[in-house]
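J.: Starting from the known structure of chain X, fit chain D onto it as the hints suggest.
Protein sequences appear in the order of chains X and D.
Using our numbering, the first residue of the first sequence is number 1, and each one after it goes up by one.
Using our numbering, the first residue of the second sequence is number 1, and each one after it goes up by one.
When the alpha-carbon atoms are kept at most 25 Å apart in a straight line, the in silico DSS-like pairs for lysine-lysine are as follows:
1) X:Lys268 - D:Lys308
2) X:Lys54 - D:Lys139
3) D:Lys307 - X:Lys268
No wet-lab data here; the hints were simulated from the structure.
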Amino acid sequence: MQFNDYEPGDFYDELFVARGQPRPEAVPLIDRINSLSVEEVQRRQQAAQIALFKMGVTFNVYSDGQGTERIFPFDIIPRIVSAQEWETLEQGLKQRIYALNLFIGDVYGEQKILRDSVIPAELIFSATGFLKPCIGLEPPGGIWCHITGTDLVRDRDGRWYVLEDNLRCPSGVSYVLENRRVMKSTFPLVFNTMAIQPVEDYSSHLLETLLNLAPEHLSDPTVVVLTPGIYNSAYFEHSFLAQQMGVELVEGRDLVVQDGYLQMRTTKGLQRVDVVYRRIDDDFIDPLAFRADSLLGVPGLMDVYRSGRVAIANALGTGVADDKVIYSYVPQMIRYYLNEEPILSNVPTYLCWEPQQQKHVLANLDSLVVKAANESGGYGMLVGPHATQQQREEFAERIKATPRNYIAQPTLCLSRVPTLFENHFEGCHVDLRPYILYGKQIYINPGGLTRVALRKGSLVVNSSQGGGSKDTWVVCK
Amino acid sequence: MLSRVADSIYWLNRYVERAENVARFVDVNLNLLLDSPTGMAQQWEPIVLTTGDLPVFKERYGTATADNVIQFLTVDGDYPNSILSCLRAARENARSVREVISSEMWQQVNSFYLMVTEAAQSGTLRDLSSLLRFFEEVKMASHLFAGVMNATMTHNEGWHFGQIGRLLERADKTARILDVKYFILLPSVKDVGSTLDELQWIALLKSASAYEMYRKRGLHRITPMDVAEFLILEQEFPRSIRFCVMQAERSLHQITGTRIGTWQTPVERALGRLRTDLDYLTIEDIFEKGLHEFLDDLQSRMNEVGKKTFETFFALEAVS
Numbered sequence: 001m002q003f004n005d006y007e008p009g010d011f012y013d014e015l016f017v018a019r020g021q022p023r024p025e026a027v028p029l030i031d032r033i034n035s036l037s038v039e040e041v042q043r044r045q046q047a048a049q050i051a052l053f054k055m056g057v058t059f060n061v062y063s064d065g066q067g068t069e070r071i072f073p074f075d076i077i078p079r080i081v082s083a084q085e086w087e088t089l090e091q092g093l094k095q096r097i098y099a100l101n102l103f104i105g106d107v108y109g110e111q112k113i114l115r116d117s118v119i120p121a122e123l124i125f126s127a128t129g130f131l132k133p134c135i136g137l138e139p140p141g142g143i144w145c146h147i148t149g150t151d152l153v154r155d156r157d158g159r160w161y162v163l164e165d166n167l168r169c170p171s172g173v174s175y176v177l178e179n180r181r182v183m184k185s186t187f188p189l190v191f192n193t194m195a196i197q198p199v200e201d202y203s204s205h206l207l208e209t210l211l212n213l214a215p216e217h218l219s220d221p222t223v224v225v226l227t228p229g230i231y232n233s234a235y236f237e238h239s240f241l242a243q244q245m246g247v248e249l250v251e252g253r254d255l256v257v258q259d260g261y262l263q264m265r266t267t268k269g270l271q272r273v274d275v276v277y278r279r280i281d282d283d284f285i286d287p288l289a290f291r292a293d294s295l296l297g298v299p300g301l302m303d304v305y306r307s308g309r310v311a312i313a314n315a316l317g318t319g320v321a322d323d324k325v326i327y328s329y330v331p332q333m334i335r336y337y338l339n340e341e342p343i344l345s346n347v348p349t350y351l352c353w354e355p356q357q358q359k360h361v362l363a364n365l366d367s368l369v370v371k372a373a374n375e376s377g378g379y380g381m382l383v384g385p386h387a388t389q390q391q392r393e394e395f396a397e398r399i400k401a402t403p404r405n406y407i408a409q410p411t412l413c414l415s416r417v418p419t420l421f422e423n424h425f426e427g428c429h430v431d432l433r434p435y436i437l438y439g440k441q442i443y444i445n446p447g448g449l450t451r452v453a454l455r456k457g458s459l460v461v462n463s464s465q466g467g468g469s470k471d472t473w474v475v476c477k
Numbered sequence: 001m002l003s004r005v006a007d008s009i010y011w012l013n014r015y016v017e018r019a020e021n022v023a024r025f026v027d028v029n030l031n032l033l034l035d036s037p038t039g040m041a042q043q044w045e046p047i048v049l050t051t052g053d054l055p056v057f058k059e060r061y062g063t064a065t066a067d068n069v070i071q072f073l074t075v076d077g078d079y080p081n082s083i084l085s086c087l088r089a090a091r092e093n094a095r096s097v098r099e100v101i102s103s104e105m106w107q108q109v110n111s112f113y114l115m116v117t118e119a120a121q122s123g124t125l126r127d128l129s130s131l132l133r134f135f136e137e138v139k140m141a142s143h144l145f146a147g148v149m150n151a152t153m154t155h156n157e158g159w160h161f162g163q164i165g166r167l168l169e170r171a172d173k174t175a176r177i178l179d180v181k182y183f184i185l186l187p188s189v190k191d192v193g194s195t196l197d198e199l200q201w202i203a204l205l206k207s208a209s210a211y212e213m214y215r216k217r218g219l220h221r222i223t224p225m226d227v228a229e230f231l232i233l234e235q236e237f238p239r240s241i242r243f244c245v246m247q248a249e250r251s252l253h254q255i256t257g258t259r260i261g262t263w264q265t266p267v268e269r270a271l272g273r274l275r276t277d278l279d280y281l282t283i284e285d286i287f288e289k290g291l292h293e294f295l296d297d298l299q300s301r302m303n304e305v306g307k308k309t310f311e312t313f314f315a316l317e318a319v320s
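For reference, chain D alone in the conformation it holds in the complex:
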């Protein structure tokens, strides 16, 4: 498969997944606000903080309010990680590989893009109910894309590159969602473990579509450690970090033909080490290190995997 094509399928999936996760971020905060006791300050800065783009935001918008954060994250065409920009990039990538992906995939990403641009242009994303509906649609469209891709594209090399893109993006964003809680301030120390605290953890689970699955897992009560364990280490939940890393590794080895547990390329080594670490970690280990510190470290290791994927498969420097 052409390196350029593999790269585009990888980014097509990353961008669709990214758009979905941005929708999740904003959606959960909106829901949280609806549940918050009146008079409590709205906290929008943490949402921007988790994107890693707070400086960009501050420079352009100043103080974080509901309106400008939503504007920034959803329809700001100049901010490369807004939902609108993600879809534009996803569509451009799809357009450059239309002959490789199925036409159903193209149609889905195309109508997804049209839906988002239409919403951006119509200016209807002002009232709460249309915003909530919009985020719902974004999430569904992303699911639909993944489903269409699963069902209509041969599970060949290109498909596996797409999987790696989607799964790495998802693992990264689950880590960031979990990190949001670190930045959301409770009114006072005595609120730890309070209804408000629990509400926030529930909101967090919901933003990862993990609430119901978490409840079903046996231990029904909501505690910070259990939530973190579920989102980081759960083997079978499709948005947990460990699940994503495991599946990404599988796809990687399908591409290279190397047996899992062995490696030939730097990317196999980096991803393999990350997966093994997650296999043997306990949530106690993580909390001992500090959840925020652990997530920080995890993100930089996943960035490393992304970088090595690029170097191994996509880099197009001239052949001597």
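Excised from the complex, chain X in its bound form:
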């Protein structure tokens, strides 16, 4: 199946420099695909989808009634990242996580950064992710953000930008691992000729990171993954990770606080839990401390956590840095805490909270993307260029009513990767979410989840909005 007709267009293409001219690191893959017939490529695409379906690699969608499972569409043309480029990304991400971690510890501790007026204190105190009960907490080793999935995009000029940091419960890593498994049987020969960095040891690193949080005197700590249950959209991933690590997957109803410890109900009575990898948002984790109406968490967990008798990853309270307003200050954090220049840039961001910037946003709604500070999954946003006049007016009213809740960013022209459409390739826009683990050291899984907008011309890559995924290959040096 030939790439001859593939038109990279006026975009940054991840596999081609220009029409008919693959990037050096992509040559073996392109050659291989060029040597296959259309039918053969289609057959492999189909086989990959079937394999994922059989393995039950799905996510849940709430909107259609009782929570239907859907397969996350998968495209067999990978995105390839050169070794050199990856090294820069890795350094940039490490720097960012260091600074974010220091920041979170600071705002729940001494609050130096607020006293020095680097970040306005009122922005922190008004952030929904800022949790008063976490003030004074000292998580093991001073680490707050153990597992992070940072969203990156590339603009037309090929520059990388950080779109957001997901510090609460980033999901998607299970697709990285399962996609890779499927890709190895899809293009075994290519894997043989190209040196692609392996991703399979993520689960071991994750387990190490979690064990690192247990008190040292425990020879055999009990680690659990806490899930909201089978109707959660990321349930597959929760169970996959628990299985890969060989630890229990628990729900709130399996847990109870007794004798000052977190314990789980087993067929032989209660058993102590030492480390919780929670996939439940802060607000839901303890109805006594946060949302009283939540049935997902465990009453009294916060007290046990505060007394240091259970470790939680990510630490409670990390959501403060997920706020898109706080995000805009990460470059300042890097300079403030590390005394370094940021290696990775943020997407330029306007804070509607600041009168001058708000004015600019309101005047340019037709060219900007407006996002709610605390929503994820592509909800609560306005894509200016694609919106109607009425939608823009509605958003203008919302911005004026609660300016703290909105930021605006220019619409970036996301890079593209060729993607199989029946019998030809089309460039589709992608982003990238690498996964970062902060244990004894910082480990970054080489690659990450490449999400792809499968609708022609669309820029929205969220799975809940019709996006799909691709494997990400980081080649070795």
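T.: Chain D in isolation, oriented as in the chain X frame:
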């Protein structure tokens, strides 16, 4: 092991086994019809009767015909014990414990479920030959699941809970299969012992996959008492009630660590008593009491074991 997880593995196995047995019920009746002298009324009500859900059926469908009984028992999504519903429940249970069971088990129950939903949606279960093929597939898929579980999951506590679920379900269903004969009417008293009668007993053995093993056991002729004895008391046949109860007891004691013959929990006591009774019963004792009455009593004792299993291991009431 988490109580919730143990409960789910138990029900996962019960539901797979239940689906298999529903397939057996319907399958045997279909086969029986093919052998019946023409003109004889088709008897479908006994099949529903043995499920214990005749009232539900009557309310929804009225008179029992081949079509609506098959519809009810195989693909009725609103009837919780249809093959389709059993597989849905089995899969939901498997999905909630995927991290504990082997991925092969998950894949098997998942493709089993997909096969059944596809058959239900395609509407191909209308003609006899595709129905027979479907029941064959259901039985094989259930065997495959049990085999995969045996060969890929550590025989640990969870596995033993699964065994208990499967074996209790199987013992219950063997009892019900045997009871079918009680409800199937012969045209007249003089037909007792006739070819038709024998055909029915053979069909019954076949629905428990017991026909060949029964024949091999030495006494080759088919008599009601021998068939009942084989299906209730045979020590080594894997679908006989006694075998199931014995094996379930073994698994139970593997979990609790108590020696067989002693007990610490109410469930060990209930199951132990049932097993001992079966050890010392003769088929004459059973027929003296009345086969149907004996089976009725047996079923309620097995329900008791199920209930006590729940109370002992799975009940999740809040700890004070």
